[in-house]
Amino acid sequence: MWCANTVKNMNRHAEDNSRPTGSGGMGARARVQAGLAARYRKERRFRLFGLAAIAASLLFLAVLLGSIVAKGYTAFWQTQILLDIHFDPAVLDVNNLATANYAALVREATLRLFPQAASRQDQRTAAKLVSTGAAYRLQEMVTSRPELIGATRPIWVVADDEVDMFVKGHIPRDVPESERRISDKQAAWIDRLAADGRLRQAFNATFFQAGDSREPELAGIRGAAMGSLFTLAVTLALSFPIGVAAAVYLEEFAPKNRWTDLVEVNINNLAAIPSIVFGLLGLAVFLDCMHLPRSASLVGGLVLTLMTLPTIIIASRASLKSVPPSIREAALGIGASRVQTIVHHVLPLAMPGMMTGAIIGMARALGETAPLLMIGMVAFIVDIPHSFSDPATVLPVQIYLWADSPERAFVERTSAAIMVLLLLLLAMNAAAVLLRNKFERRW
Amino acid sequence: MQKLARTLAAAALLAGSAIPALAADGRDYISIVGSSTVYPFTTAVAEQFGKTTKFKTPKIESTGTGGGLKLFCAGVGVDTPDVANASRPIKQSEIETCAKNGVFQIVEIKVGYDGIVLANSKKAGQMQLSRKDLYLALAKDVPSPEGGDRLVANPYKTWKDVNPKLPAEKIEVLGPPPTSGTRDAFVEMVMDHGCAAFPQIKALQATDEKKFKAVCQTLREDGAYIEAGENDNLIVQKLEANPRSVGIFGFSFLDQNADKIQASAIDGELPEFKTIADGKYPVARPLFIYVKKDHVGKIPGMAEFLAEFASDRAWGEQGYLAEKGLIPMPKDEQKAMAAAAKTLSVMVNK
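Quick mapping for you: the protein sequence lines, in order, are chains A and B. Take the first sequence: its letters are residues 1 to 443, numbered as in the numbering used here. Take the second sequence: its letters are residues 444 to 793, numbered as in the numbering used here.
Check each hint, because a few of them may be wrong.
Unchecked claim - Derived DSSO-like pairs: lysine-lysine, alpha-carbon spacing no greater than 27 angstroms straight-line: (1) 71(A) x 565(B); (2) 185(A) x 767(B); (3) 767(B) x 128(A); (4) 681(B) x 168(A).
Just so you know, the hints here were simulated from the structure itself, not pulled from any lab data.
When you get a sec, could you build the whole thing from the sequences and use the hints?
Okay, here's the thing in structure tokens:
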């Protein structure tokens with residue numbers, strides 16, 4: 001309708017120009033003049049709607065990103081406490097490095113800072129200022145450098161998540177003592193530590209090095225990130241070749257008949273199926289029939305392959321279609337076989353479009369949780385996966401699990417993990433744009 | 444470009460041929476499934492176990508109690524879970540499913556208690572509720588306020604309508620959806636009890652149990668009860684934003700957010716470690732883990748994992764599970780359960 005009007009207007013305009021001095025032309029021009037203001041207004045309004053739509057979506061995006069960054073940026077720093085650890089030979093000797101009571105070393109060093117904590121109850125509260133992760137850290141140190149035994153060293157250890165929250169201001173001071181997780185006594189001790197220069201905020205390397213943990217200060221995204229990597233590797237390795245092969249056959253070789261129409265309709269339909277359905281399919285086929293291991297990134301990759309295949313096939317077919325027929329005809333004309341035509345000429349020209357499709361499909365796969373629920377990848381996994389069959393989880397699942405945890409320190413970690421996921425998605429989309437620009441050819 | 448395509452194709456072929464070889468023929472870690480309520484506690488034990496022993500850290504899936512027991516009962520063998528978390532005792536029907544699939548030896552271990560709390564924002568006053576008040580405020584059909592045996596659609600708009608001692612605030616309760624174990628426990632412990640306060644409904648229990656359940660356990664759908672999803676953090680945030688509303692969720696979320704929200708007393712008892720453990724607080728439920736005895740000795744670390752769970756430093760009064768919000772069992776019960784975990788005494792078929 002709108003289109004038809006425009007065409008009519010344009011025609012009228014052309015007529016006016018061709019007959020500038022005709023007697024009837026004056027009337028037409030006057031009519032145009034009269035309507036001109038209204039047409040300009042219409043155009044301005046139309047543009048304004050577009051602009052408003054963009055402004056609204058930018059605003060939503062800014063609010064979303066703003067709230068995530070505002071909540072999450074503090075997670076990249078972590079409170080640490082300086083302890084003078086005495087590697088007591090009475091506790092440690094070369095033969096018991098794996099089983100020694102490292103927690104006792106930490107506890108003893110902590111209590112030395114607070115001589116006024118005399119009662120058992122007080123000592124327990126004081127020891128709680130330091131994360132249980134400190135003991136694991138000492139174990140690592142001593143195992144790699146046994147000569148430390150007997151020495152006393154100042155060591156920065158990670159503080160408990162509640163101390164961290166308190167120092168960052170997420171636990172308010174101005175509420176009655178019974179209502180916060182940090183008591184007045186602990187607050188006073190923390191202030192003392194800060195005054196003595198024994199408290200610092202350091203880069204939270206644990207967040208990028210560790211797997212999941214129930215202690216927020218020890219939790220990291222490495223495990224989930226590796227899981228995502230393995231899963232996506234399987235997905236890419238399977239869905240790209242299969243998708244491209246299917247697209248090439250359908251586009252270049254398949255006869256046009258009811259059968260291929262049916263296949264095409266089905267592929268388009270598959271692209272719109274809710275992803276949880278693929279999870280159920282994966283459960284039935286890969287776990288129950290083929291007896292593949294539960295929670296493995298291999299199975300996750302297979303399920304996501306099923307999910308991304310239609311996207312890749314559709315994108316690949318579109319980019320094959322956009323290769324001009326003259327290229328094919330020229331190649332065939334100088335004697336190339338059909339396979340040569342496709343492999344040497346059509347595919348390289350269509351490749352940027354196919355890759356863009358693949359990367360967008362991958363980006364979608366990176367953000368999926370629903371199909372993974374069914375195959376057991378929504379799980380607590382501490383050990384970082386090292387192979388395709390190790391139990392693994394993925395980044396969005398990690399975000400979901402942390403968002404559901406009661407500890408307050410997981411709030412900022414949830415947002416930080418979202419930031420990492422968004423950065424990855426951004427990088428993938430940027431790669432898609434770059435690839436397209438680099439290899440795209442215009443005719 | 445061609446080279447890339449060829450490499451990818453080769454990789455795909457390789458991956459395709461590797462699949463059958465990877466089938467689960469051995470497993471060197473413990474696999475646990477089940478309730479999302481027990482999940483925070485089992486994961487804490489698993490992490491401690493993984494870090495302090497030579498065994499791998501167990502893998503724990505949060506599937507819900509029903510889904511977990513379904514997987515657990517699917518059979519014996521490495522591709523089935525070893526342990527199931529449950530926020531309610533196993534049902535007879537589930538034991539039968541287990542038996543049908545060859546799982547006869549199930550060890551039941553109670554690990555502690557969980558309180559379900561009703562809480563509102565600190566900005567509003569603390570509420571003193573009884574289970575009868577809650578039934579009248581939340582049930583879809585209630586006995587007519589004019590008296591008589593007739594049931595009418597719930598006419599109460601404010602808490603004051605329900606009980607003159609309560610504030611004149613609109614009834615607005617945020618709670619879990621029907622798929623949640625917390626919801627099951629809530630309707631059983633609060634609604635059933637509250638509606639049994641009316642003799643004409645209590646009489647139903649003996650004659651028509653089904654009708655009794657329907658009358659007691661159906662919650663209002665007119666906006667007074669709002670299903671707020673499974674995420675308890677979300678409920679806490681909503682309570683803060685809207686001080687007039689009351690939320691239903693697990694005790695550990697109250698424990699972590701005591702600076703923002705306060706619990707309502709139910710039948711005169713506030714939810715605290717002590718009142719929940721000794722059974723005074725009425726809305727508390729036991730949490731369980733179910734262990735497949737056939738897997739002990741086959742999957743490395745099973746016995747050691749159970750020993751860690753049943754140790755005093757884990758589920759004891761000062762243990763790290765109490766720190767996470769699990770309510771410890773009384774001493775003698777703890778001893779009995781630790782013994783069960785050690786000897787692996789199989790459940791007697793009910």
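Going down the list of hints, with the structure as the test:
no.	hint	result
1	71(A) x 565(B)	holds, 23 angstroms
2	185(A) x 767(B)	holds, 21 angstroms
3	767(B) x 128(A)	holds, 13 angstroms
4	681(B) x 168(A)	holds, 23 angstroms
In summary, the structure agrees with every hint in the numbered list given earlier.
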